[in-house]
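Q: Single-letter residue listing:
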Amino acid sequence: MKPMLEIDNLSASIGDTAILNGVTLNVKAGEVHAIMGPNGSGKSTLAQVIAGHPNYTVTGGSVRFFGNDLLELEPEERAREGIFMGFQYPVEIAGVNNAYLLKAALNARRKHRDEKEIDAFEFLQAAREKMRLLDMDQSFLNRGVNEGFSGGEKKRNEILQMAMLEPKLAILDETDSGLDIDALKAVANGINTLRDPERAIVLVTHYQRLLDYIEPDHVHVLSAGRIVRSGDKSLAHELEERGYDWLKEAASA
Amino acid sequence: MNQATVQPELLQAAQSQLAGDALSAVRRTALDAFTENGLPTLRDEDWRYTNLAPANELSNDWLRRVIDAGSDARPEARAASLPDLDVHWLVLNDGHVDEASLAALGSLAESGVTVRHIADCPDAVTADGPYDRLNAALLQDGVHISVAADASLDRPLAIYFNDGGTSVSQARVIVDVASGARIDLVEYHASGAADAHFANNVTQLNIAAGARAALVRVQDRDRGHFQVGKLTARLHADAVLDYASFDFGGALVRQDVCAEILEPGGLVRMHGLYLADSDQHIDNHTRVDHRVGPAQSREEFRGILNGNARCVFNGKAIVHAGADGTDAEQSNHNLLLSANAEIDTKPELEIYADDVKCSHGATVGQLDDSAIFYMQSRGIGRDRAQHLLTRAFAGQILRHLPIDALQDHLVARIDERLDTLLEETVT
Chain X
1 MKPMLEIDNL SASIGDTAIL NGVTLNVKAG EVHAIMGPNG SGKSTLAQVI AGHPNYTVTG
61 GSVRFFGNDL LELEPEERAR EGIFMGFQYP VEIAGVNNAY LLKAALNARR KHRDEKEIDA
121 FEFLQAAREK MRLLDMDQSF LNRGVNEGFS GGEKKRNEIL QMAMLEPKLA ILDETDSGLD
181 IDALKAVANG INTLRDPERA IVLVTHYQRL LDYIEPDHVH VLSAGRIVRS GDKSLAHELE
241 ERGYDWLKEA ASA
Chain S
1 MNQATVQPEL LQAAQSQLAG DALSAVRRTA LDAFTENGLP TLRDEDWRYT NLAPANELSN
61 DWLRRVIDAG SDARPEARAA SLPDLDVHWL VLNDGHVDEA SLAALGSLAE SGVTVRHIAD
121 CPDAVTADGP YDRLNAALLQ DGVHISVAAD ASLDRPLAIY FNDGGTSVSQ ARVIVDVASG
181 ARIDLVEYHA SGAADAHFAN NVTQLNIAAG ARAALVRVQD RDRGHFQVGK LTARLHADAV
241 LDYASFDFGG ALVRQDVCAE ILEPGGLVRM HGLYLADSDQ HIDNHTRVDH RVGPAQSREE
301 FRGILNGNAR CVFNGKAIVH AGADGTDAEQ SNHNLLLSAN AEIDTKPELE IYADDVKCSH
361 GATVGQLDDS AIFYMQSRGI GRDRAQHLLT RAFAGQILRH LPIDALQDHL VARIDERLDT
421 LLEETVT
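Protein chains in written order, with the numbering used here: chain X, 1 to 253; chain S, 1 to 427.
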């Protein structure tokens with residue numbers, strides 16, 4: 001099976017600072033990958049570059065999604081093609097209604113696929129069902145996007161959006177950071193129900209904790225902007241015990 | 001800088017051409033005061049950002065025409081293209097009352113609201129500012145609305161300023177709201193024609209004890225229009241003024257709102273939104289005089305500027321000696337979408353009493369790039385994301401709209417206006 005996402009020797013910088021220095025990674029449909037690494041290793045940058053954040057400049061390499069050049073697409077086009085990024089720090093947008101954003105996002109994707117817009121009843125049914133799953137209060141729909149949400153509520157809201165948008169590829173950037181144990185379980189539960197043979201999930205995380213609830217097929221360690229080691233879930237446990245320093249040394253050797 | 005002023009001798013000559021009527025004495029008094037005080041220049045602190053020379057020149061041209069013609073010819077009646085609103089309409093054509101629309105309001109008398117020509121109550125006219133005096137010095141018509149004690153109407157009373165036929169219009173509206181009454185008023189400024197036009201209008205509002213007046217000003221003039229507007233409101237015990245303004249059009253607009261709390265228990269709410277692009281100049285000056293306490297004032301204005309637009313906000317709250325128990329808040333927030341747009345914002349507090357609670361603040365910013373990217377990452381196009389953000393920003397004013405009947409109309413107009421305003425955005 002051909003990979004859904006093919007990252008080949010990708011380099012990227014912000015301003016004059018190089019952050020990614022030749023990342024190569026293939027992700028197939030149905031797989032869950034975890035990308036781990038110390039702070040500043042480039043994990044979030046990798047997620048942002050795939051989503052198309054304008055602050056990053058790709059300086060080399062390529063990213064293909066279902067065989068097509070992803071890097072030439074605008075961020076919204078990438079989303080409509082089926083890429084979803086869960087933000088480490090979801091943005092508060094005062095005055096834009098959460099339900100409105102969700103519906104606009106859904107319809108943008110439907111329009112892209114020449115499908116008709118979702119009707120109000122169908123939308124509400126779907127949103128309510130997903131919110132129950134995430135243990136979210138229904139009132140969140142009528143609030144401003146992430147406006148006044150706690151850290152945990154923001155992360156649940158990200159997973160709600162993902163559940164509604166049903167992406168082909170989800171990249172979740174530090175979705176576990178700042179969550180208490182109940183929120184972590186709810187979020188992990190939400191992600192697990194979205195595991196699907198047609199869908200790929202990339203978890204970007206600093207700690208192994210999230211992987212106790214979501215079992216990855218592959219674990220990669222990013223250090224100084226490149227993948228220095230790949231393995232199965234046992235690599236995550238090894239990192240938990242030994243930390244990252246031994247890999248940093250290996251990378252610089 | 002060009003500082004053309006309106007020449008008192010032209011004003012005097014034009015005034016002498018008008019036939020004597022019930023307003024003659026008002027005009028003479030105002031002319032004397034005008035001649036003595038003149039018009040402000042950019043050296044006056046309250047006018048330093050707004051140069052009205054083009055409007056003053058239009059005035060002089062018009063005065064010369066009045067002098068040459070030997071009278072101020074009544075404007076030809078132009079059909080007013082009234083917006084689809086569930087209101088009672090009164091139309092002013094270049095400041096002159098449209099008789100048919102006035103006659104149609106006769107039935108409001110049953111509800112305690114009477115509307116008549118200003119000539120029927122000349123003593124009600126006051127003029128204490130430069131353009132206010134200019135307005136009164138040539139006053140020929142206008143409208144007086146009185147709302148009887150405890151009266152209220154089924155629908156808002158909306159005044160449509162159908163301006164543009166002659167080069168100058170001087171409308172005056174006086175509203176007396178008796179104790180316990182409630183009235184919803186709309187000032188709808190539009191353009192009957194696209195010519196260069198100077199509108200100098202004045203609204204006087206007297207709100208008696210326990211009465212409430214809501215006034216929404218919608219300024220949607222042609223880009224050839226200059227306008228100076230002044231609203232004065234006098235609040236008695238426990239009176240409420242709920243004011244909201246929406247500036248969409250005009251070339252150069254200066255609006256003053258002066259509210260005076262004369263007796264305890266008053267509440268003044270002022271909210272405003274100005275959307276400006278190209279070379280528009282929109283200046284909102286507000287002033288609340290807290291003469292006694294306890295009383296409250298709440299004020300928030302917001303602006304979205306693009307192109308070469310220049311806007312001014314000046315919000316002054318004066319807490320006079322002895323006005324203890326005053327609670328005043330004001331703020332002004334602006335989005336600048338272009339490097340060439342300019343906002344001069346100045347919230348001012350002058351406090352001469354001890355037991356008061358006052359706050360003020362102003363911000364100037366750009367659209368939040370991280371919010372735009374967030375929406376893009378959800379599949380929403382960049383243009384749409386910008387529209388949603390600006391609309392959300394404007395929505396913070398719209399939620400204070402005191403008259404529900406305008407809600408849908410304003411939502412649609414704001415959306416439409418933001419679309420054209422954002423077209424100028426270079427990204």
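Because the hints were derived from the structure by calculation, they are not lab data. Backbone N, C-alpha and C define an ideal beta-carbon position, used for all residues, glycine too. Treat the hints with care, since some could be wrong.
[Stated by the list, open to error] Not the full set, but computed from the structure, chain S residues with beta-carbon under 7 Å of chain X:
1) Arg43
2) Trp47
3) Tyr49
4) Ala53
5) Ile67
6) Pro264
7) Gly265
8) Ala371
9) Gln376
10) Ser377
11) Gln386
12) Leu388
13) Ala392
[To be verified] Each pair of labels, with its calculated beta carbon distance range:
14) X/Glu115 x S/Ser111: 20 to 28 Å
15) X/Gln125 x S/Gln407: 24 to 32 Å
16) X/Lys116 x S/Asp195: 54 to 62 Å
[Unchecked claim] Derived list of chain X stretches under chain S, where covered just means 3 residues or more per stretch with a C-beta under 8 Å from a C-beta of chain S:
17) 46-60
18) 177-188
19) 216-225
Q: All hints, please: hold or fail.
A: A quick look at each hint next to the structure:
1. Because the closest C-beta pair between S/Arg43 and chain X is about 40 Å apart, greater than 7 Å, the hint is violated.
2. Below 7 Å, beta-carbon pairs count as interface contacts, and S/Trp47 has none with chain X, the closest being about 34 Å; its hint is therefore violated.
3. Among the interface hints, the one on S/Tyr49 is violated; its C-beta lies about 29 Å from the nearest C-beta in chain X, farther than the 7 Å criterion.
4. Taking 7 Å as the C-beta cut-off, the interface hint given for S/Ala53 is violated, the closest approach to chain X being about 39 Å.
5. The restraint placing S/Ile67 at the interface with chain X is violated, with a minimum CB-CB distance near 53 Å, outside the 7 Å limit.
6. Proximity of S/Pro264 to chain X is violated relative to the hint, the smallest CB-CB distance being about 35 Å (cut-off 7 Å).
7. A cut of 7 Å between beta carbons decides the hint on S/Gly265: the least distance to chain X is about 32 Å, and the hint is violated.
8. The interface hint given for S/Ala371 holds, since its Cβ lies 5 Å from the closest Cβ of chain X, which is under the 7 Å cut-off.
9. Look at S/Gln376: its Cβ gets to within about 4 Å of chain X, closer than 7 Å, so that hint holds up.
10. Interface hint status for S/Ser377: upheld, as the beta-carbon distance to the closest one in chain X is roughly 5 Å, under 7 Å.
11. The criterion of a C-beta within 7 Å of any C-beta in chain X is not met by S/Gln386, whose closest approach is roughly 12 Å, and the hint is violated.
12. Hint on S/Leu388 holds. Least Cβ distance to chain X is approximately 5 Å, under the 7 Å limit.
13. The restraint placing S/Ala392 at the interface with chain X holds, with a minimum CB-CB distance near 3 Å, inside the 7 Å limit.
14. For the pair X/Glu115 and S/Ser111, the supplied restraint of 20 to 28 Å is violated, since their beta-carbon distance comes to about 53 Å.
15. As the Cβ distance of X/Gln125 to S/Gln407 is approximately 28 Å, the hint placing it in 24 to 32 Å holds.
16. For X/Lys116 and S/Asp195, the hinted distance range of 54 to 62 Å is not satisfied, since their beta carbons lie about 48 Å from each other.
17. Residues of the stretch 46-60 of chain X lying with their CB closer than 8 Å to a CB of chain S number 4, which satisfies the three-residue condition for coverage.
18. Here's how the stretch 177-188 of chain X fares: 0 of its residues keep a CB closer than 8 Å to some CB of chain S, so the rule of at least three is not met and the hint is violated.
19. Requiring three or more residues with a Cβ within less than 8 Å of a Cβ of chain S, the coverage given for the stretch 216-225 of chain X is violated, as only 0 such residues are present.
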